[in-house]
Amino acid sequence: MFRFALACLLALPAFAAEPPATLRIDLQHGGDAQTEHFALERVVVEPLPWPGNPARPIDTSNRGMNLLRVLDPDTGEVLYSRGYSTIFGEWQSTAEAGNIQRSFQESLRIPMPGKPVTVQVMKRDAGNAFVPAWQVRIDPAGLDVERAVAKAPATPIAIRDNGDPADKVDLLILGDGYAADELGKFESDARRLADHLFSVSPFKEREADFNVWALTVPLPESGVSRPSTGVHKASATGLRYDIFGSERYALSVDNRAWRELAQHAPYDVVEIIFNSETYGGGGIFGQFSTAAAGNDWADYLFVHEFGHHFAGLADEYYTSSVAYQSGGERPEPWEPNATADPRADKWKHLVSPASPLPTPWPKTQFEAFQRENQARRAQLRADQRPESEMSQLFHDEQAFITDLFDGHPHANAVGAFEGANYQATGYYRPQLNCLMFTRTDHFCDVCSDAVEAIIDLYSRRDPEKPL
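Residue numbering for the sequence shown is -16 to -1, 1 to 451, as defined by mature numbering (1 follows the signal peptide of the UniProt record, and there is no 0).
Treat each hint with caution, since some may be false.
[To be verified] Subject to a maximum C-alpha distance of 27 Å in a straight line, what follows is the list of computed DSSO-like cross-link-like pairs (lysine-lysine):
| hint | residue 1 | residue 2 |
| --- | --- | --- |
| 1 | K169 | K188 |
| 2 | K217 | K169 |
| 3 | K135 | K169 |
| 4 | K217 | K135 |
| 5 | K332 | K188 |
| 6 | K332 | K347 |
The set of hints was computed from the structure by calculation and includes no laboratory data.
These numbers were taken from a predicted model, which means no experiment stands behind them.
Required output: the full structure, derived from the provided sequences and hints.
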């Protein structure tokens, strides 16, 4: 059925040898804390063929704040879908969204249809179900479709080439903040971080299901913007620190800049590595992730932030400051590794029989340590101390956590450990420790399964296998 749906979408034989073109729909997504609106900006034919898996056009993972659907306007049949989240969706939960309206650039990428289609954006309602938010008719033969092919500004570097993009997860590593004499450093950073990604399970076991490309353009000077310290620099992707007022949060809010660069390499997912020693990064499901390549914790940042972008994993930590506001309610998260249910029904198939629910852990000791630790962290930034001192603080923190958790009776059990999703109470994580909770080196079992499900979605697997 899925192969038939894609064949209908493309108006091609089901076993066509050549992949279709890639159609990108650029739009504006804006509003405030209570409202949102969309506006079509342009439709672009990208220079490279569609890299997606033709066997899996329908996304059944139920992840993301939004869902892209491509519909046959005559029958209403869903021909293609993908879950995703947005920067606007995150911004809506900040204090600023209560005072002003803003809009952010976004893009929707689909395989080139063979006839006009309806492109629909769904969003979550209060009950977590997807409901229509906006739709637009797209005619691939329209006169306003941009078809001019710009010359590639650089040649992509093959970091891992394991086969046809249609059969693989295609990871593109973009670079930012690299000067002309640092292009060798960019390639070295990209290779090092890709090597680390594939040393972490389940990426380690599924490395053959990935292609990895690296691409950047040289900049006039080294480094990236950090407005909180008065540093402003030209950018290849629009990336900067201090997103939403958080000194460590680094994203691009210039969607067109990085899309225009990324379109010259095959990609399903994108991580932007930036040339900085200052701790920072970010990740948005279905958009991109970022990591400071020169930081002592770059390996951790690369994998943690990719977990957000690739698999829609929630942050399990709750003691670090964030820009998001939360009321007293605890709605069930859509993310696979956090729940408001102390019975842990979301991952009950993995819960250890001997695990009490909720599952006890040394929460009081952990929080007492973190109160002092987070105060020291804030002071280091306020005093603009050397980055080496922040890195040492993180090493000391992880050493304390390792000692605290070592030998705990439920250290390896799957259960419901209170404290997750930026909240000390009311939300639960699956295991005592995980890459999404602390700066450890492994994912918990629930996160690992969630990652594998998305690997399956983008590589050739049984389309009837449930996600």
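Can you list which hints this structure breaks, lowest number first?
The structure conflicts with no hint, since it agrees with every one listed earlier.
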